[in-house]
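Taken in sequence, the protein lines are chains A, B and C.
If you're matching positions, the first sequence starts at 4 in my numbering and goes up one per residue.
If you're matching positions, the second sequence starts at 3 in my numbering and goes up one per residue.
If you're matching positions, the third sequence starts at 14 in my numbering and goes up one per residue.
These are calculated hints, taken from the structure and not from any lab test.
Check before you lean on any hint, since a few could be wrong.
Using 30 Å as the maximum straight-line C-alpha spacing, the simulated DSSO-like pairs for lysine-lysine come out as follows [said to hold, decoys possible]:
1) B/K49 / B/K186
2) A/K167 / C/K46
3) B/K326 / B/K119
4) B/K222 / B/K49
5) A/K507 / C/K46
6) C/K68 / A/K507
7) C/K133 / C/K80
8) C/K24 / A/K507
9) B/K292 / B/K57
10) C/K24 / C/K68
11) B/K222 / B/K186
12) B/K208 / A/K145
13) A/K145 / B/K162
14) B/K162 / B/K222
15) A/K612 / C/K133
16) B/K167 / B/K190
17) B/K57 / B/K385
18) A/K145 / B/K222
19) B/K119 / B/K49
20) C/K68 / C/K46
21) B/K326 / B/K292
22) C/K84 / A/K558
23) A/K612 / A/K558
24) C/K80 / A/K507
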Amino acid sequence: MAFLFAQFLTGLANASSLFLVASGLSLIFGVTRIVNFAHGSFYMLGAFIGVTLMEILPGHFGFWGSILLTGLAVGVIGAFVEIVVLRPIYRAPELFQLVATFGVILVIQDLALMIWGAEDRLGPRAPGLRGVWRIFGEPVPKYDIVLIAITPFILFALWYLITKTRVGVLVRAATQDREMVGALGVNQAWLFTGVFALGSALAGWGGALQLPKGGADLLMDFNIIGAVFVVVVIGGMGSLPGAFIAAVLISVLNVLGVTYIPQSTLVLMFVVMAIVLIIRPYGLLGREEVAGEHGQVGAPETPIRPYGPTGQAVIAALLLVLAALPLVVDQFVLILMIDMVVFALFAASLHFILGTGGLVSFGHAAFFGGGAYAAALLVFHTGTPMELAFLFAPLAAGLLALGIGWFCIRLTGVYFAMLTLAFSQLVWSLAYQWRAVTRGDDGLVNIWPSDWLSETIPYYYFTLILGIGGILFLRHVIHAPFGYALRAGRDSPRQAEAMGINVKRVQYAAFALAGVMAGLAGGIFVFSKGSVFPTELEIAASFDALIVVFLGGVKTLAGGVVGAGFMTMVEDWLTRLEYWRLLLGLVIIAVVIIAPEGIVGSIRTAWNKYRGTEEEIAK
Amino acid sequence: MNLTRRMMLAAATALALVPAAGMAQETIKVGEINHYKRMAAFAEPYKMGIELALKEINADGGVLGKPLEFVFRDDQGDPAEAVKIAEELMTRDGAVMLTGTILSHVGLALSSFAAEKGYLYLAAEPLADSLVWASGNPNTFRLRASTWIQAAMLAEEAAKTDAVKYATIAPNYAYGQDAVAAFKENLKRLKPEVEFVAEQWPALFKIDAGAEVQAIERAKPDAIYNVTFGTDLAKLVREGGDRGLFDGRNVYGLLTGEPEYLDPLGDEAPEGWFVTGYPWYAFEDGTPEKAFVDAYMEETGETPKIGSLVGYLTAQSIAAAIEKAGATDTAALIEAFEGLEIEDTPIGPLAYRAVDNQSTMGAYVGTLALEDGKGVMVDWEYKTPDGYLPSDEEITAMRPAE
Amino acid sequence: MTEILRVENLKKSYDGFLAVNGVSFSVEQGELKALIGPNGAGKSTCFNMLMGQLKPTEGDVWFDGEKITGKLPREVWRRGVGRTFQITGTYQSMTVIENVQMALMSHHGKLFSIQPRAWKLYREEAFEFLETVSMQDQADRPCSILAYGDLKRLELAIALTHRPRLLLMDEPTAGMAPSARVELMQLVADIVRDQGVSVLFTEHDMDVVFAHAHHIMVLNRGELIADGNATEVRNNPQVQEVYLGGGTLFKEAEDA
């Protein structure tokens, strides 16, 4: 009993930092609808700034004063980021801002490396709080008790701010209905900046408060962001009490998991999230998202049309150039092209459900990696011929999509996104932990193509035919009645249902098709690299695809493909430089600000403006 | 080498913004791939070790009369990216062989790639046993002492004590799992009566240290085997120290004594742990070990890490192999690496075993103590892998048929 | 005349508040019937229950002798019920005619088809529907730049594609200029006459209601207080009481 109680206390202490960071994210999302992936970076900045200040300021006052100052400093940084990066793009399509926040992550990573160096910093101890108190005979670190005691005060302070002050009223109003705030005569821009600053400050405090239990290092931004999103989603996006309950729930379950199922550490929280979302689709205290409530921001998508004769000629010429490429360039260019086509197909498959279907998936890598793994497992364990194993990649990915989609498709918006993320994490952990079959992160190696494809040039043509073929097929589907039905369900689910379209079933089929195509890309990928590792199933892999789709332009047909090509080139170029993350981050932010409709979308807008036609039909 | 090819190389070199050192005189290039951003704390000392060796080698006239040059590339810690870069290094930049990586899975990807394409890959830092054993191939050599070897050294020490009940804690991925398996197997062989009462598997760099410490304490082990490192280690040491987990218990720490992990702990370094590591501060004057440390500190102004030593030995090995081969084609280089012997390295003679392409680099073992507010290894000893390896027959059986 | 729609004792409560409280009525074949009532009377709630957008707490809906209570909108649609919305829900990313074509694709069971060139499918048929609502000139404009009244007409065209036997129209003329309202309702009346469709609509504009509806129902606080022809409803004391504030509307209607 005493032991259980001590475990409970450990869980509560862990919940403290998690709650601070999560409450900030939840506030920001609730008011601005920005899914802020850079939130982990503010947490990391909090830790580094905290360590630095504590080295300067001595004693009790120095320690607690440093923590206070850290939050303020991170809040100011947050405000700066909001004003410079996010404010110009509030009118961009839904979730576009997350691409900008991704750029911010990269910039902050390199800046932190420049300022604080590569070595991990051990956090200073809180003065007078080293050691343990014994509670029912169990040792409990003093600082844990302090954390447990502080958290309710922070929750109370936030609650007071939100419910009892004018600012809080505005924040709540904005969470409920953004237009209303404008009607109240409030400067919405500054409200957003303020909330973003407060949210960042909370993350900064979270980073500083955990110092005596850990430290500051350059990986902590990514290491916390998963848990924070899980907490926010389980609690219900935008709900502070929800975030608190979820932080405690996750932390306590983690502690119990560590003791009774030590192998569970990778997946436990994602399993909890999946269960919660399946039972309560909007989190514990979340509010149902009304479809389209904050959806169609910015100009609506223009009607689509396949390319006319000129466009077709250009595409044909481009394909000819690609086909003739092996005659003129060296082997590495072909390798780069293979990578690019694979990525373009992967991105196009995500774009298909994201752009045409309006379903933002955060876990699309499950199907890319899933396809790659399916083929690789067959080759590795049964020695299946490459040709047969290759066919298995899209098949298995499609089946996986049917399985995952069955749970996810009933959700909408951010909750759909988070459930796909949870499932992709489950797939990842399966590949990571089930070593007897998948060899864990040692990966499956020696997955090479058959002899007739083993040289670069044949494999290049193989990739070209299947990859470009896949992309063209997806385009074909978009222009087919099925694609129209999918768009109908995205534009107005209500109208679609009233004209006999089973929107969910259409989306389900589209989700499966996207899975098949991602699996196809995964199949081409695995035989071109000769190996596959859980890296291909990571959240980061899903986000690579998501980012290129947004960068290319969600409301265009070529967005995914163009974005993938752009990103492959830029990355290949920039990673040769020392501070490539900084530069890549800046490039992403610049593209986002200059071309808020994405590369293709903005080119089209500029072209239309130049031509002076208003009703130009999209190519 | 025709003119176009050379022009392409030059263009590629300029493109890659590689220092123009090789422009005037043709150099022999080695492709080096690593996770410079993702694992900056480990990759940077490693790179400086290489650069120190290169400076010395080229001051002595280079290899085969030409300067030796490393082309450093960042793979973002992504195996697929590493494979792509490897292709570019070999086909476009004119590298004669590949080396690098810290993360085992990237090393395994490069190893498989090298075998398929007929390139040579020297895995510098990856520790995975499978690199030269279960997934071994003739094109891959490995420098650093593997997980198995280092775990076996700790197990040998553990077997000398009365401890019977063991708890293990290791990051939940291939390296951690291999390290625990190797320790268990070696210890059980030496002392069959031991039992493992708790096995803890925190997620890498996401340890919930308080909970892990409570879970281990609950199992009441006599001794603990630790594989965590980096921030996980720091948190474990802190929580475990506060809660008295290590009091009266023997603790064995894999890699815990390496400066990369020990230095950040400062005055909270856990005294009394028996660890593998790198006691650079304790070498005696006049030894090659000390000479390397001095040269490194003079060159970089920093204290050496284990990565510095590995980097230095990597460049030395490659230079020696090229000299021995007398050529730079892959077949000649592979032949040269098989059974390659280098007399004077900072750790004494170094060789590459013909049976599994693994080098004879060993490891330093010792006990942690606090000196001047810093953790150091005392009563340390350098051990070669001899006696800690499976038999040659067993190894040959593990390696895929060649 | 045969009965096409019958509603029995329909109730909807939200947390104990009865938005619709025991409403019963029927719609005959070929009838143009209005459902009116002040704001918050429960008209839209009532409508949403008829076609399945909302599930009733109690009561039943019968369409052509078949119980359709609790069926999904698309299932109700399949049985021959079309619907337009108070706030239009057209497909913003499509052209006007594609909106109609989409409905036809659904009507012809082509939703999962991947045959090429959907924009050519049923184009002529769709054009005829656009002609019915006089939208043929705007066929190839993007839907997103249409005037509001045109969107309403487009929705009507969309609803007609399925050749419904009953059309539910929620405030078909809201937000339109007075002349356009008369035009649209005349159009609806013509459709009722020519095609034998039944129409049930809610409306704010009493001119429209009294000029065109065959029968009128009045809903107040979730309860039906009148159901009859224009004169009967106008003379109903309860209705007059409810519309005391809006009495001018009645006078205008009387004058008309």
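Here is what the structure says about each hint:
1. B/K49 / B/K186: violated (34 Å)
2. A/K167 / C/K46: Violated, at about 50 Å.
3. B/K326 / B/K119: holds (23 Å)
4. B/K222 / B/K49: Violated, at roughly 43 Å.
5. A/K507 / C/K46: Not satisfied, since the Cα-Cα distance of roughly 33 Å exceeds 30 Å.
6. C/K68 / A/K507: holds (19 Å)
7. C/K133 / C/K80: Violated. C/K133 to C/K80 sits at ~37 Å, over the 30 Å cutoff.
8. C/K24 / A/K507: holds (28 Å)
9. B/K292 / B/K57: holds (18 Å)
10. C/K24 / C/K68: holds (10 Å)
11. B/K222 / B/K186: Roughly 18 Å between the alpha carbons, so the hint for B/K222 and B/K186 holds.
12. B/K208 / A/K145: holds (22 Å)
13. A/K145 / B/K162: violated (37 Å)
14. B/K162 / B/K222: Satisfied, since the Cα-Cα distance of roughly 20 Å is no more than 30 Å.
15. A/K612 / C/K133: holds (28 Å)
16. B/K167 / B/K190: Holds, at about 12 Å.
17. B/K57 / B/K385: holds (29 Å)
18. A/K145 / B/K222: holds (23 Å)
19. B/K119 / B/K49: holds (26 Å)
20. C/K68 / C/K46: holds (23 Å)
21. B/K326 / B/K292: Roughly 27 Å separates the two Cα atoms, so the pair holds.
22. C/K84 / A/K558: violated (34 Å)
23. A/K612 / A/K558: Given pair A/K612, A/K558 holds - Cα atoms ~17 Å apart, limit 30 Å.
24. C/K80 / A/K507: holds (24 Å)
Of the hints listed earlier, those the structure fails to meet are numbers 1, 2, 4, 5, 7, 13 and 22, in rising order.
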